[in-house]
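Those sequence lines, one after another, are chains U and F.
According to my numbering, the residues represented by the first sequence are 1109 to 1220, in order.
According to my numbering, the residues represented by the second sequence are 1075 to 1187, in order.
Mixed in with the good hints, there may be bad ones.
Claimed, not checked - Computed footprint of chain F on chain U, listed as stretches where at least three residues anywhere in the stretch have a Cβ under 8 Å from a Cβ of chain F:
| no. | stretch |
| --- | --- |
| 1 | 1174-1182 |
| 2 | 1208-1214 |
As the list claims (entries may be wrong) - Computed far set for chain F versus chain U, every beta-carbon distance over 12 Å:
| no. | residue |
| --- | --- |
| 3 | Gly-1102 |
| 4 | Lys-1145 |
| 5 | Ser-1147 |
| 6 | Ser-1179 |
| 7 | Arg-1182 |
To be clear, the hints were calculated from the coordinates, so they are not data collected in a lab.
None of these values were measured; they are calculated from a predicted model.
Heads up, the beta-carbon is just placed ideally off N, CA and C, and yes, glycines get one too.
If you want the building blocks of each chain, they are given just below.
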Amino acid sequence: SQTIHQWPATLVQPVGSPLSLECTVEGTSNPNLYWYRQAAGRGLQLLFYSVGIGQISSEVPQNLSASRPQDRQFILSSKKLLLSDSGFYLCASLRQVAGELFFGEGSRLTVL
Amino acid sequence: AQSVSQHNHHVILSEAASLELGCNYSYGGTVNLFWYVQYPGQHLQLLLKYFSGDPLVKGIKGFEAEFIKSKFSFNLRKPSVQWSDTAEYFCAVKFSSASKIIFGSGTRLSIRP
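Same shape as in the complex, but just chain F:
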């Protein structure tokens, strides 16, 4: 069955630390990949997306993600986090065989000032 996994449930970092959040999916076909962010008390917003082409995609607020097809992964990275990055981050995958879009369970990121 198609699934999306985010193994880091809660990550705590200090400001200026580097960030990498993992996302893996199970499916052998073509996928579209997304990272969404939900700041406290706010709605989901898109950070970045990958459809095709360069597997390293850049998004808003200094975030980037790399699609590694052989590892079925789409990890989110940021070289230096800020306190304002405190939020919950969701990986999502659109599976080409259907129109379903499945989200991971989310990773809560807490930044110590």
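Looking at chain U on its own, in the form it has when it is part of the complex:
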């Protein structure tokens, strides 16, 4: 069965510092991968998605970036964090047969 590992689970960073959130998927190959940010009252905001290695689609212009260096690895990064980057970040994989999203445990980022 498919599993998603996200780390770190919790992160507190100062404004202006860099960020790297990692997501690794097991139990599937060549998945579509997604990064979402969940904020109260705003639902899940799609940030990036990827259909394959090195292929990244950005949905929201901001100071975040994403990379997919390996088939089952998806990384969310920032060179300089802003206060507004605080939130709960979810990595998701599209189950190819069932056609539904499967979510990781999430990473809670607080920018101070």
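Starting from the known structure of chain U, fit chain F onto it as the hints suggest.
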């Protein structure tokens, strides 16, 4: 631009009342439609999904949803809610022209015992 709207931000009902949560999307092509639920302190889980066929789909826990293509809608319904249905509900749409999956802003459902 492709978008998903959930107009009910917070719904408060008494137990045994009927529920209908609205979901609309903007896109003229083929879509896959989903409803997810997030119970307090828990992660998102799938309630139901629609890909094709019968536009009335049944999900877990007595929920159902109807796809009305002409209205670009996929409303969630339950004939009689329970206190345990207190949660946040999210509509999501996968647009066929791309692999993006967009969520609505969510509807918080509170059930009075």
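Far enough from chain U: is every CB of that chain over 12 Å from the CB of Lys-1145 (chain F)? holds (21 Å)
Using C-beta distances, would you say chain F covers the stretch 1174-1182 of chain U, given that this needs three or more residues below 8 Å? violated (count 0)
Quick check for students: does the CB of Ser-1179 (chain F) sit more than 12 Å from each CB in chain U? violated (4 Å)
Interface exclusion of Arg-1182 (chain F) relative to chain U, criterion Cβ beyond 12 Å: Answer for Arg-1182 (chain F): violated, closest chain U Cβ roughly 9 Å.
Using Cβ atoms and 12 Å as the threshold, tell me whether Gly-1102 (chain F) really stays out of contact range of chain U. holds (20 Å)
Would you assess whether Ser-1147 (chain F), listed as outside the interface, keeps its beta-carbon beyond 12 Å of every beta-carbon in chain U? holds (17 Å)
For the stretch 1208-1214 of chain U, count the residues whose Cβ lies under 8 Å from any Cβ of chain F; is that count three or more? With 5 residues in contact (Cβ-Cβ under 8 Å with chain F), the coverage given for the stretch 1208-1214 of chain U holds.
When each numbered hint is compared with the structure, violations occur for hints 1, 6 and 7.
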